[in-house]
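There are 4 protein chains.
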Amino acid sequence: MSTTIPAVSTAAATSQVLVTRFQAIRRQSVALCRPLLPEDTVVQPMLDVSPPKWHLAHTTWFWETFLLREYLPGYQLFHPDYAFLFNSYYNSLGSRVNRADRGTISRPPLSDVYAYRTYVDKHMEQLLALQDTLPAAFAEVLELGLQHEQQHQELLATDIKYILSTSPLAPAYQEAPVQRAVAAVPAAAWLPVPGGVHTIGFEGTGFCFDNELARHKVYVDDFELQNRLVTNAEFLEFIEAGGYQNFRYWMGEGWDLVQSQHWTAPLYWIKQDNGWHRFTHHGLVPIELAAPVTHVSFYEADAYAQWRGLRLPSEQEWEIAARHFGATPQGGTFLESSLLDPQPLAPDADPTQCHQLLGDVWEWTYSAYHAYPGYQRAAGALGEYNGKFMVNQLVLRGGSCATPESHIRITYRNFFHADKRWQFTGIRLAR
Amino acid sequence: MSTTIPAVSTAAATSQVLVTRFQAIRRQSVALCRPLLPEDTVVQPMLDVSPPKWHLAHTTWFWETFLLREYLPGYQLFHPDYAFLFNSYYNSLGSRVNRADRGTISRPPLSDVYAYRTYVDKHMEQLLALQDTLPAAFAEVLELGLQHEQQHQELLATDIKYILSTSPLAPAYQEAPVQRAVAAVPAAAWLPVPGGVHTIGFEGTGFCFDNELARHKVYVDDFELQNRLVTNAEFLEFIEAGGYQNFRYWMGEGWDLVQSQHWTAPLYWIKQDNGWHRFTHHGLVPIELAAPVTHVSFYEADAYAQWRGLRLPSEQEWEIAARHFGATPQGGTFLESSLLDPQPLAPDADPTQCHQLLGDVWEWTYSAYHAYPGYQRAAGALGEYNGKFMVNQLVLRGGSCATPESHIRITYRNFFHADKRWQFTGIRLAR
Amino acid sequence: MSTTIPAVSTAAATSQVLVTRFQAIRRQSVALCRPLLPEDTVVQPMLDVSPPKWHLAHTTWFWETFLLREYLPGYQLFHPDYAFLFNSYYNSLGSRVNRADRGTISRPPLSDVYAYRTYVDKHMEQLLALQDTLPAAFAEVLELGLQHEQQHQELLATDIKYILSTSPLAPAYQEAPVQRAVAAVPAAAWLPVPGGVHTIGFEGTGFCFDNELARHKVYVDDFELQNRLVTNAEFLEFIEAGGYQNFRYWMGEGWDLVQSQHWTAPLYWIKQDNGWHRFTHHGLVPIELAAPVTHVSFYEADAYAQWRGLRLPSEQEWEIAARHFGATPQGGTFLESSLLDPQPLAPDADPTQCHQLLGDVWEWTYSAYHAYPGYQRAAGALGEYNGKFMVNQLVLRGGSCATPESHIRITYRNFFHADKRWQFTGIRLAR
Amino acid sequence: MSTTIPAVSTAAATSQVLVTRFQAIRRQSVALCRPLLPEDTVVQPMLDVSPPKWHLAHTTWFWETFLLREYLPGYQLFHPDYAFLFNSYYNSLGSRVNRADRGTISRPPLSDVYAYRTYVDKHMEQLLALQDTLPAAFAEVLELGLQHEQQHQELLATDIKYILSTSPLAPAYQEAPVQRAVAAVPAAAWLPVPGGVHTIGFEGTGFCFDNELARHKVYVDDFELQNRLVTNAEFLEFIEAGGYQNFRYWMGEGWDLVQSQHWTAPLYWIKQDNGWHRFTHHGLVPIELAAPVTHVSFYEADAYAQWRGLRLPSEQEWEIAARHFGATPQGGTFLESSLLDPQPLAPDADPTQCHQLLGDVWEWTYSAYHAYPGYQRAAGALGEYNGKFMVNQLVLRGGSCATPESHIRITYRNFFHADKRWQFTGIRLAR
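These protein sequence lines map, in sequence, to chains A, B, C and D.
Numbering follows the UniProt record's numbering, in which position 167 of the first sequence is assigned residue number 167; successive positions increment by one, without gaps.
Numbering follows the UniProt record's numbering, in which position 395 of the second sequence is assigned residue number 395; successive positions increment by one, without gaps.
Numbering follows the UniProt record's numbering, in which position 130 of the third sequence is assigned residue number 130; successive positions increment by one, without gaps.
Numbering follows the UniProt record's numbering, in which position 327 of the fourth sequence is assigned residue number 327; successive positions increment by one, without gaps.
Worth flagging that the hints you see were computed from the coordinates, not collected in a lab.
Since this is a predicted model, take the numbers as computed values, not measurements.
Quick reminder that beta carbons are idealized off the backbone N, C-alpha and C, glycines included.
Check the hints yourself; a few may be wrong.
Label pairs and their calculated CB-CB ranges [stated by the list, open to error]:
id : chain 1 : residue 1 : chain 2 : residue 2 : range
1  : A       : Asp273    : C       : Trp190    : 52 to 60 Å
2  : A       : Glu125    : B       : Ala115    : 40 to 48 Å
3  : A       : Met46     : B       : Asp256    : 28 to 36 Å
4  : C       : Ser111    : D       : Gln151    : 43 to 51 Å
5  : A       : Met46     : C       : Ala137    : 30 to 38 Å
6  : A       : Arg308    : D       : Thr205    : 33 to 41 Å
7  : B       : Asp81     : D       : Gln151    : 53 to 61 Å
8  : D       : Leu130    : A       : Glu240    : 39 to 47 Å
9  : D       : Lys122    : A       : Ala187    : 52 to 60 Å
10 : B       : Arg34     : C       : Thr199    : 56 to 64 Å
Stretch by stretch, here's where chain B covers chain C in the computed footprint (C-beta under 8 Å, at least three residues) [said to hold, decoys possible]:
id : region
11 : 207-219
12 : 247-258
13 : 362-371
14 : 387-400
Could you put the whole structure together from the sequences, leaning on the hints where they help?
Set out below in structure tokens:
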């Protein structure tokens, strides 16, 4: 969380505007869970996935812990045990349920978690009415809480997908969208980006996370970026060329995984008699060749690039390019579209423009997720928000079809371990 | 499954009687799940526990697989994937969901499983109407299916207890029963049993499992058995004497577990400020000193006996004694009572009689679960029912408060690994 | 350890006889290690195997701990850390090196361990000279120490085999013996044994382990035993009939192992271009069809019997039969022969006699290793010798080609978990 | 391996000079193992450690595989199985012994490995005599082989230390050196380094590894570096301030390790009655307060810096500073000194100079080990030398007391996972 940059413009954020924004974001979390049955909300089929019930409760716990307990006089906790049950990873806030056990605890049931949400929302609205009397720190944590809930919305979308995928019934979360049929996308074009000393990191008056600061200078050489994402068709060439059987393209630890986990394609791909299929939020469907490839690990993204004789961009290159090309959310696929699947580039897309930088899939970079020069962890429990994860992970940029559009920006740094595949991750090539 | 002993008396088992019995047993499984929420029915907090939803479906799969597919002309499967989803351990019947993954599959939901039950029950009633036209093997498998469903009722009761226990909220499955307060039970008395050559194993005209056969002779020396179960008060003496801290009383593999699992008391015991409590089907309650100790592993039962300078009976001794004392279900606590907790012996119980042999808790014996002389595995898939488990486990006798009264008999052989504690297991001493 | 039976006849055991016997047994341990290089004596390629250096030291530690410290006035420990380093499993004697770490500790080196042996032997000879002045307990523990060292000689032989087998070089421990070529053995004959009430357990004036007591009565039905061991040729039929690919013959836990460990033959069998070979103490050699099959687990022995429609004997049957047939070591292969491989039955062996009961291979029985009726653990550290292992293992009878001939008797109970294969274990069928 | 930079100056490297250098480096490996017993050379007490016997053989395998087989006409392999036994991680060269099994294979014994070295050395000298007739690639791989053997010399020194440390006897590898007693070192001074665009990476005519290329520009801000390493005295303050008990200073994955591994001090530190001791190549000795702290993981180095409110340098900063300060090996402690322990800074060291940059301990940087811009993996098996490790590890700079002085340079990039502690790793602070 940024403590130096004002999270919200004081003028604009009247109490009513804030209440409306708060309610909209809170409703969005509930809306995402509406297609689920109670059974879906409690299971945890792998360690990275949290039960939807847990997400709904944990985001609520955040408001209760960091705002209601701090600022609302006389606030009574909804339930004394919920602090233990729904803390995620804050050592500052005491012991908590072991992460691996999140999916074995059936109580409180979903209905109690919804009651918890209602109770906290009601009190939050009381608190928001008092806003003018509260210190500046209140507005900052409020904004952080909204961003935090948006982050969990993306996790809800991807965790739900994983949960439903484990059933042999391949149940659909929603109906298949009526989509434009795109037979093929234009060949990727190389766009040059001038190197030199650039400044990266967040600048401006809105919100940013602390990991986007301090703004600082970097040097990069001239480079070129492909003007669109790698497609399923292109990735299929790698598969069919034996990419998953040849160690030469792989990082050593990636190759170990390919062998021990028997990886032969991206996550959710299944080869059936009549060809490759993918599990999606609308069930099992044939691979759409024109769509961007997704659910690949860093290892797969990197091996694909090696096989092509190319490379992934660094996060510095990505941000410089995004600014250079004036990337905007326009045309990107975000959570708000409800598509929950990256979309093919339009066949008539301008080959001189750089497309799909924001939305659709998170783009793996070949940059370790480390603190920027000048980074300082915040004091208190919220200092655990980002800083303690800044090793052993890689940066992804640009947001995905599960990211709220209002949540993304070109300085945004997402991060995952190199082996993770259950997020909407994809590939853009550089050279 | 017994293939030599007629499972039912042909004369008595008119079609209508059978339908009534079938319906009663099927209803009992559903009744056990009625207090559950859908969330409770899907989780698997440890490998030994199966989700209640799975039990409800698997018992139904049994009828579909072994009877409807075989005998009902034109029967259509409820769903083609259920054979994969709800097979337990029958290699003969193809691949199946990995046991460890039973608790991560949220679909089909509970409501579909109930629809599955209704569908199968309706067709089973059709099939039962045809009974007179069916071969003898039909009646045998029918009986086995009823017994099988009763076995899963006991597992439902104990798995539900474990599932609810994992929540810090300690939710109650049912209200606490209005129970007679028993301050203390009479001192245990030693009852002599004459040794010599005895015959054990099932004899008669009703049903028995194949593992109760062949009936065969054994020799035992004269021995004595305590006339009641070990109580919580007695076991507490072991705890307070440092029993869990002294390797001398323990089997080596048991002592390793005590240390690695940090066992300090039976499963479900929690020490709070005001003393020892137990988690039960009616929530967390203070230890009732007069009640039989339960949820102990063989290791704990054996260590307790060692500490007393006594021993556990063999299964042969147990069966000989039960016959010698004319053990009946009378006075025992069974599933039908809905108490789901072993009950204290009445203070005025006759000290010359042997009590609590049937019901209340399964009594660990110091006998390996091996085939009896003359045992033969049945042909076909049902040959996997018992035979392949006949090594590395120990026999328990007598049934528990979660066993249907109509399911138990003195020749009944239950079996678990020495470390298991989630069943209603207890201790009776011999010398 | 027997505490009730005098371990040695007082009259015969003059001091000099004892010294001679002590020296002979001590020399035998060293002789077994003579072909080894220091490197061979330190490694532990699997948990069950101990480094030969450890065996040499642990057996020495036994004398130091249980006799020299107790009975030799003014005895100085060879090294203060050796009690920690070379304790095996005696909780009574304090902490010790974790079993899994025995093979990672290179110091003390082998030469120090030999110096330790020399030092302890010298003091033991001093102590033996004082024998007449020592209490009866001394003679008992002395005898136990000799038996203990003989047990470790068998482990040395089998552990060395396993250690050498892990090298792709397949190094030979010794030259191949000049052996009679046996083309085929006579067909196995069934010999009847009359049932009834028999008495088993040790009786007499020599030494026995405490687990051979108390002598007690058992009832068995009439049965038949094969008059020789199962051969490689016979076991090969099982392999070639797909025995390792068909779950029907296997215990469930055995079948899990077959699949996870990819078992396709006994331990040490390797299929090469020109057929099956075995690793032996004399290197890699073609399977000798007439020799008894060895290095099979209980699971394999039992599956083989199931496949034949037969069964393994119980330990009671084995002992009754051995006494009935007057089994003697005569004609058996023992450690003293230095062959270290079970030998084929002579082609002209009398078909009316029962052969190979003692020596050659340990015969798996279908009896759990439990305490006999009346068994009592000894007091003190030596009470841990046998009693704490009496669950979850199976009894083997008869000794093997790695057992000292003077160590075996028909009441001897060896015991291993059902999955163990690195001992010289084999199969005799019953029905 | 660099393929673009000539590894050796053709003029200087006459055949005789090369033979002398080859022999000197080969002798050094053997010299390092001279204090060992055969038992020490075969064990592998943890996965990161390789048995010394394996190092001696693997370095020899390198010469045989990459030079003798390629370039010496008529060369006969020493042993056909050694390619399998002593390949480290080259997938290009076929299957190999599982890394975890290196320490369980006692054969070939050490003496055979020495014979292998002699055989290969003799043939290498023949080959070196033919040098003028060989292609340029020969000289490159020759140089790489020498550097490779020097890398394994460092591993030999650190692996031997770990192996000996596992014995409770704390055996000394060598006698304690006669060392200057240093009561205290001067307070650390901050030295400024001007930022801006700098060029880093190898430049010149000697050898470098491929990971030091391509030479490229980077931008850094002005920064300051401490002019010496962190000492044991300083690190002890962190310990005594509860640094190992407070999650706030730690990366999340580091804190998990602290708890699960019970870390309370650097590796090899043991608290005894009279204070902290360290295991060293000369046995267990009291902590020398003035010496640089060593055997810390990245997590500990980073937590220490966090606790001080400071940070670790990036690898770019380190290299820029080293060039800025004109770092030379002068005054550093290297393998050639045989001290095998980092040395305290002289009390009269010039506070305006930057000390201990080369030698003594590897300095953790907060830079991921990634490919430099323009990096290309070499073709063939040697392309696996570095490239496939370029993710999930951190860069260390400067060499240590176990690094050959002729092996280090300021562009040298060493790399380890953040949790590794068995190398001579240490801390230098930046701000």
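Results of checking the hints against the structure:
Distance hint for A/Asp273 and C/Trp190: a CB-CB separation of about 54 Å, consistent with the stated range 52 to 60 Å. Hint check: A/Glu125 to B/Ala115, Cβ distance near 41 Å, so the stated range 40 to 48 Å holds. With their beta carbons about 30 Å apart, A/Met46 and B/Asp256 fall inside the hinted range of 28 to 36 Å. Between C/Ser111 and D/Gln151 the Cβ separation comes to about 32 Å, which falls outside the hinted range of 43 to 51 Å.
Taken as a hint, the range 30 to 38 Å is violated for the pair A/Met46 and C/Ala137, whose Cβ atoms sit roughly 60 Å apart. For the pair A/Arg308 and D/Thr205, the beta carbons lie near 34 Å from each other, so the given range of 33 to 41 Å is met. In this structure the supplied range 53 to 61 Å holds for B/Asp81 paired with D/Gln151, their Cβ-Cβ distance being about 55 Å. Judged by the Cβ atoms, the range 39 to 47 Å given for D/Leu130 and A/Glu240 holds: they are separated by roughly 46 Å.
Separated by about 59 Å at the C-beta atoms, D/Lys122 and A/Ala187 satisfy the suggested range of 52 to 60 Å. For the pair B/Arg34 and C/Thr199, the supplied restraint of 56 to 64 Å holds, since their beta-carbon distance comes to about 57 Å. Coverage of a stretch by a chain is defined here by at least three residues with a beta carbon nearer than 8 Å to that chain's beta carbons; for the region 207-219 of chain C and chain B the count is 4, and the condition holds. As drawn, the region 247-258 of chain C meets chain B at 8 residues by the rule of a beta-carbon pair under 8 Å; at three or more, the given contact holds.
Remark: the region 362-371 of chain C is confirmed as covered by chain B, as 5 of its residues place a Cβ nearer than 8 Å to a Cβ of that chain, reaching the required three. Counting residues of the region 387-400 of chain C whose CB lies closer than 8 Å to any CB of chain B gives 6, which reaches the minimum of 3, so the coverage claim holds.
Comparing the model with each earlier hint shows violations of hints 4 and 5; every other hint is respected.
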